[in-house]
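Work out the full structure: start from the sequences and follow the hints.
Read top to bottom, the protein sequences are chains A and B. When we follow numbering that gives the first Met the number 0, the leftmost residue of the first sequence carries the number 0, and every step to the right adds one. When we follow numbering that gives the first Met the number 0, the leftmost residue of the second sequence carries the number 0, and every step to the right adds one.
Rather than coming from a laboratory, the hints here were simulated on the basis of the structure. Ideal Cβ positions, reconstructed from N, Cα and C, are used throughout, including at glycine. Hints should not be assumed to be uniformly reliable.
Unchecked claim - Distance windows between CB atoms, simulated:
1) T126(B) <-> Q133(A): 44 to 54 Å
2) E148(A) <-> Q271(B): 55 to 65 Å
3) E164(A) <-> E32(B): 34 to 44 Å
4) L122(A) <-> S105(B): 32 to 42 Å
5) L137(A) <-> N336(B): 53 to 63 Å
6) N103(B) <-> P105(A): 41 to 51 Å
7) E72(B) <-> A146(A): 51 to 61 Å
Stated by the list, open to error - Derived EDC-like pairs (lysine to aspartate or glutamate); straight-line CA-CA distance at most 20 Å:
8) K165(A) <-> D185(B)
9) K161(A) <-> E143(A)
10) K80(A) <-> E62(B)
11) K138(A) <-> D185(B)
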Amino acid sequence: MYCEECKLRPATVHLAQMFNGQKIETHLCEQCASQKGAIIFGADHQLSIANLLGSFLGGNYGIQEARSPVQNSSCPNCGIKFFDIRQTGKLGCAQCYMAFEQELEPSLRRIHGNRQHVGKIPLRGGEKVLWRRQIEGLKQRLQEAVAREEYEEAAEIRDQIKNLEKRTG
Amino acid sequence: MRKPRKSVIRLKIWKRERDKEVGGMTIKKLFEETFLAWMNGETAIHSDIVISSRVRLARNLSEIAFPHLLNQESGQKFMQLINEAWQKSEFKELKQMELVTFENLSALDRKILVEKHLISPNHAQSTAFYQGLLVKPDGSLAVMINEEDHLRIQCFLPGLQLEEAYRRSQEIDDALEKELDFAFDDRRGYLTSCPTNIGTGMRASLMLHLPAISISGQSGHIFHNLNQLGLTVRGIYGEGTEAIGNFFQLSNQITLGQSEEDINASLTTISQQVIEQERMLRESLREQMKYQLEDRIGRAYGILTHARLISSNEALTLLSDVRLGIDMGMIPRISANALNELVVDIRPAHLQKKAGSDMDAVSRDAKRAEVIREKLQTGEEES
Ligand SMILES: [Zn+2]
Ligand SMILES: [Zn+2]
Numbered sequence: 000m001y002c003e004e005c006k007l008r009p010a011t012v013h014l015a016q017m018f019n020g021q022k023i024e025t026h027l028c029e030q031c032a033s034q035k036g037a038i039i040f041g042a043d044h045q046l047s048i049a050n051l052l053g054s055f056l057g058g059n060y061g062i063q064e065a066r067s068p069v070q071n072s073s074c075p076n077c078g079i080k081f082f083d084i085r086q087t088g089k090l091g092c093a094q095c096y097m098a099f100e101q102e103l104e105p106s107l108r109r110i111h112g113n114r115q116h117v118g119k120i121p122l123r124g125g126e127k128v129l130w131r132r133q134i135e136g137l138k139q140r141l142q143e144a145v146a147r148e149e150y151e152e153a154a155e156i157r158d159q160i161k162n163l164e165k166r167t168g
Numbered sequence: 000m001r002k003p004r005k006s007v008i009r010l011k012i013w014k015r016e017r018d019k020e021v022g023g024m025t026i027k028k029l030f031e032e033t034f035l036a037w038m039n040g041e042t043a044i045h046s047d048i049v050i051s052s053r054v055r056l057a058r059n060l061s062e063i064a065f066p067h068l069l070n071q072e073s074g075q076k077f078m079q080l081i082n083e084a085w086q087k088s089e090f091k092e093l094k095q096m097e098l099v100t101f102e103n104l105s106a107l108d109r110k111i112l113v114e115k116h117l118i119s120p121n122h123a124q125s126t127a128f129y130q131g132l133l134v135k136p137d138g139s140l141a142v143m144i145n146e147e148d149h150l151r152i153q154c155f156l157p158g159l160q161l162e163e164a165y166r167r168s169q170e171i172d173d174a175l176e177k178e179l180d181f182a183f184d185d186r187r188g189y190l191t192s193c194p195t196n197i198g199t200g201m202r203a204s205l206m207l208h209l210p211a212i213s214i215s216g217q218s219g220h221i222f223h224n225l226n227q228l229g230l231t232v233r234g235i236y237g238e239g240t241e242a243i244g245n246f247f248q249l250s251n252q253i254t255l256g257q258s259e260e261d262i263n264a265s266l267t268t269i270s271q272q273v274i275e276q277e278r279m280l281r282e283s284l285r286e287q288m289k290y291q292l293e294d295r296i297g298r299a300y301g302i303l304t305h306a307r308l309i310s311s312n313e314a315l316t317l318l319s320d321v322r323l324g325i326d327m328g329m330i331p332r333i334s335a336n337a338l339n340e341l342v343v344d345i346r347p348a349h350l351q352k353k354a355g356s357d358m359d360a361v362s363r364d365a366k367r368a369e370v371i372r373e374k375l376q377t378g379e380e381e382s
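Right under this line is the structure:
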């Protein structure tokens, strides 16, 4: 496949952008891609990544959408509005991930698929992650016990969960 | 009134008081000399093709706004936290590092750091007191402060050794994390300023010299396959596949859903195939185009050892030929260290630093030719 722009070099950069729910693919050589400011994920061009994310989130294309309440809600930690994140493609702080969890979910899914973190866990706070994973496991067992109508076992598990939840604060 | 003390190197704003261990290697060397740990290619694995390995970990504090939203107040708070974490740490390698901030570092010195690959060109645009570099004077470890993320912990080593580069960068991560609350989410991993980097927050890269792949016209095809495998390839100098000097950066795209170890292992395995390919193509060039190749390399060596004016692009291109000629035993050996150093030495900021003054284009080209001639002579080993 040749580059759509110069039609000379082989296309090595393949961009898939979501635009109004429609997938638009662009195939470029690296030279044209970098001239166009398009981006290979992971390269060191933060501006173009921001542009791309902006378009992921539906902004940047001159399409004026009604400002829903979500657009005007802001992150309790840094104060940034979701509207601004859409415009710039830049999050304000780490807590924005929690504050706008639902709004960000579709674009994060588009970038990363359904994947979950399996890498390093920080030493600090790592304990909490382990406890949280333990609690999730217990909750699963609790449901199973209830389904089997093993109420004594269920009560035991419920107490374990309560204890763990106390420790995690 | 106390007169403000003007330090000789101006750039030392933060200082670890109790540290006398840094010894001979001072931060000054980082700006005045070229050689860094990653240039030490003499004994490193596959260092004829893999110039260097870099691992970069993105980390952010959970309570503080990302770099693009920092102001005087939050920037101050941030620097206090970082400074404390660094001062308090008992971890040896972190203690050996120095904190340099950009507000009174000259544009030239910031460019020096870019040319040494320690900071990004974007980062070099910064002049804020809360932006800078926590760096080990040998350049093996460098933490970019408030580039796109609060911290980008980087380890640079010569040759193919991603595992070791990861080990060392994550030791710095552990040491800093003892004092700092890094933003982390059970499901999404380390939270980064740009959502494309969440998860491990890790970017592992190899700097490769691939002249035979370029000469034989295989790069488009090979790089396309690498892209399909989830890797990014780009030219380090120049643009895209027409990388000047045939230096390429190969790095992982995926940061979520794979462990750091797996990412490094797969990048290492794939790069070994690229290395294999490059070696094979070198041999077939030798078989099929012996005279053309020897001629090309001989001419490159002749120009570099005799030119009086040379542009950056021409120098990089010819140095690639010379490097290939050395690897293939066609011209006298010049140490890998000298060659690695030379690629950085001939860049504008390093030349200007060496000359000690602003230069016009002609005097820069003259200085470049002089630096190359000298280096190729002193770097030449007895054969
Ligand atoms: Zn093109
Ligand atoms: Zn926020």
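Against the structure, the hints:
Between T126(B) and Q133(A) the beta carbon distance is about 48 Å. The supplied range of 44 to 54 Å therefore holds. At about 57 Å, the beta-carbon gap between E148(A) and Q271(B) stays in the expected band of 55 to 65 Å. Here the CB-CB span from E164(A) to E32(B) is close to 57 Å, at odds with the stated 34 to 44 Å. For L122(A) and S105(B), the hinted distance range of 32 to 42 Å is satisfied, since their beta carbons lie about 38 Å from each other.
Distance hint for L137(A) and N336(B): a CB-CB separation of about 58 Å, consistent with the stated range 53 to 63 Å. About 45 Å separates the C-beta atoms of N103(B) and P105(A), a value consistent with the hinted range of 41 to 51 Å. Between E72(B) and A146(A), the C-beta spacing of about 54 Å keeps the proposed range 51 to 61 Å intact. Restraint check: the Cα-Cα separation between K165(A) and D185(B) comes to about 19 Å, which is no more than 20 Å; the hinted pair holds.
About 18 Å separates the Cα atoms of K161(A) and E143(A), which keeps this hinted pair within 20 Å; it holds. A C-alpha spacing of about 17 Å is found between K80(A) and E62(B), which places the hinted pair at or below 20 Å, so the restraint holds. Distance check on the hinted pair: K138(A) and D185(B) sit about 17 Å apart at the alpha-carbon level, within 20 Å; holds.
Figure legend: structure checked against the earlier numbered hints; the only hint not met is number 3.
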